[in-house]
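Undergrad: Each chain, written out:
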Amino acid sequence: MSSAHISARSPARRLPLHWLGILPFAAFVALFLILPTVKIVVGAFQTPDGSFTLDNIRGLFTPSILAAYWISIKISIASALLGCLAGFAISAAVVFGGLPKGIRGPLLTFSGVASNFAGVPLAFAFLATLGPVGIVSVFLRSELGIDLRVLGFNILSFWGLTVTYLFFQIPLMILIITPALDGLKREWREAASILGATGFQYWRMVAFPILLPSILGTLALLFANAFGAVATAIALTGSSLSIVPILLFAQIRGDVLGNPHLGYALAFGMIVVTGVANAIYIWLRARSERWLK
Amino acid sequence: MKKIWAWGALLFGILYFTLPLVGMTNFSLKMRRGEYSFDAYAKVFGDPRFQETFTYSVTQALFTIVFGVLLVVPTAYWIRLKLPGLRPYVEFVTLLPLVIPAIVIVFGYIRLYNTSSWLPLTGSAFGTNILLMFGYATLALPYMYRAVDTGLRTIDVATLTEAAQSLGAGWATILARIILPNVLVAVLSGAFLTFAIVIGEFTMAALLNRPAFGPYMQLLGANRAYEPAALAVIAFGITWGCLGLIQLVSRFQKSAPPKA
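Respectively, the protein sequence lines represent chains A and B.
Read left to right, the first sequence gives residues -4 to 288 (the working numbering).
Read left to right, the second sequence gives residues 30 to 289 (the working numbering).
If we strip away everything but chain A, and leave its shape as in the complex, we get (with noise of 0.2 angstroms):
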């Protein structure tokens, strides 16, 4: 190894040496993403005076903050459990369904791109599709005489936000799901049938507990996808619709809650949320990464 004749040369400063490498990287980082975060953090404990308190995360606990939180989770839950649904319907489809081998990679190429095609333009596109003059919407009043509208539907609600979100939910689904998929051996599928198992039972009690860390893992990825985005959302519902990153983009913008301190709470709650969900799914990686090697 090279750091042997190093060491033979200069031992007492190898370690310093060493450590400088990597001084450029940890002063970004800590500058532009721990601190700032951390920023936060405190701040969500202090009063504007700078001593502790613990009135800013229980002014969190009013019924228009909790409200916007709880839509907030309702949209990233129901649209994490569509899109793991859907995801893993497709990418299923594609690589057990007998369809030909040619789709599998531009369904691929595809999600990579629609996995990135969010924010501002995904909403406009949704609105030109599903909104009050939307090619879907027209369609469906003019040709078969479905009113959406009559039906409860609005693009501008909790449905809508979460049909929009599908969008990028489903492609990183197929994305993270597929190799998944890959790593089943034919071998398991084939014990299983010389055992008398039908293809039902394999699925049940074979395929689907090995897949499981990895579908629930991918579940809370999706889940903290949805929870932070804001540009989408902003895009699609203007301030209509309260969720906790519209909130906070107003908060920010001009304290719309009268409390400085209080919008630090938010972001820490949001910070707690999205931690919690990622914390699942690393743990759950690491319990299936044991079966899918």
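What you were told as hints is all true, and nothing was included just to trick you.
Covered, in the sense of this in silico footprint (three residues per stretch, anywhere, with C-beta under 8 angstroms from a C-beta of chain A), are these stretches of chain B:
1) 46 to 53
2) 108 to 115
3) 137 to 144
4) 226 to 237
5) 248 to 257
Non-contacting residues of chain A with respect to chain B, defined by C-beta distances greater than 12 angstroms in every case (computed):
6) Arg53
7) Leu61
8) Trp65
9) Trp154
10) Pro174
11) Gly178
12) Leu179
13) Lys180
14) Ala187
15) Asn254
16) Arg282
FYI, nobody ran anything at the bench for these hints, they're computed from the structure.
No residue lacks a Cβ here, since even glycine has one placed at the ideal position from N, Cα and C.
Based on these hints, arrange chain B on the given structure of chain A.
TA: Frame of chain A; chain B shown alone:
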């Protein structure tokens, strides 16, 4: 039976993903009453605000890429070469921007680097531009780091370094002329992804009050009918282009590995 089910799932996927794309394309062409036209695109491209904000975001993206490469390549190289024990920790840190929502990070920036702080970056337009660039570099860090680290895994870093050193090369020469060319494809993948992220980014630019493309799109969306759809088509084209270029460069690498 199984096939019907599989085709059904695929068909649903195709329908769900093409309808919005068809919807936005169709809508963007309907500005002139009763016939299809490119009026909305002409309006968008002719808008000086479009040109300004788009140029601004492209410039930001290019600076972010340069900064990201200068930051990530030496770090990932150094960690593989000298501090392999740190790898899991550094990897964890680079994934943090996926966990902490961008809106929280930029909130921290605003509070930490305001005019009354020790580093008053938000005090001037130039300082805010720098801050925004750092913010974008943070957002792109997970993708950039992962791409470069994967690229470094395929080459023998230690041997290449020793060979270069024994020929008298210094660290800068090794990085610029040995390591970088060898992981160029990985770096380009990271760069294109960074470009796709930065060009449409909304939250950070809006909250730091910079005239970027993302906030411009949002503003237009709130005030116009047909132009937003045209912008969505343009933005989708850019994303598609960036991801397509990644496919292209990685295929290029596979077809000609020994010469690199």
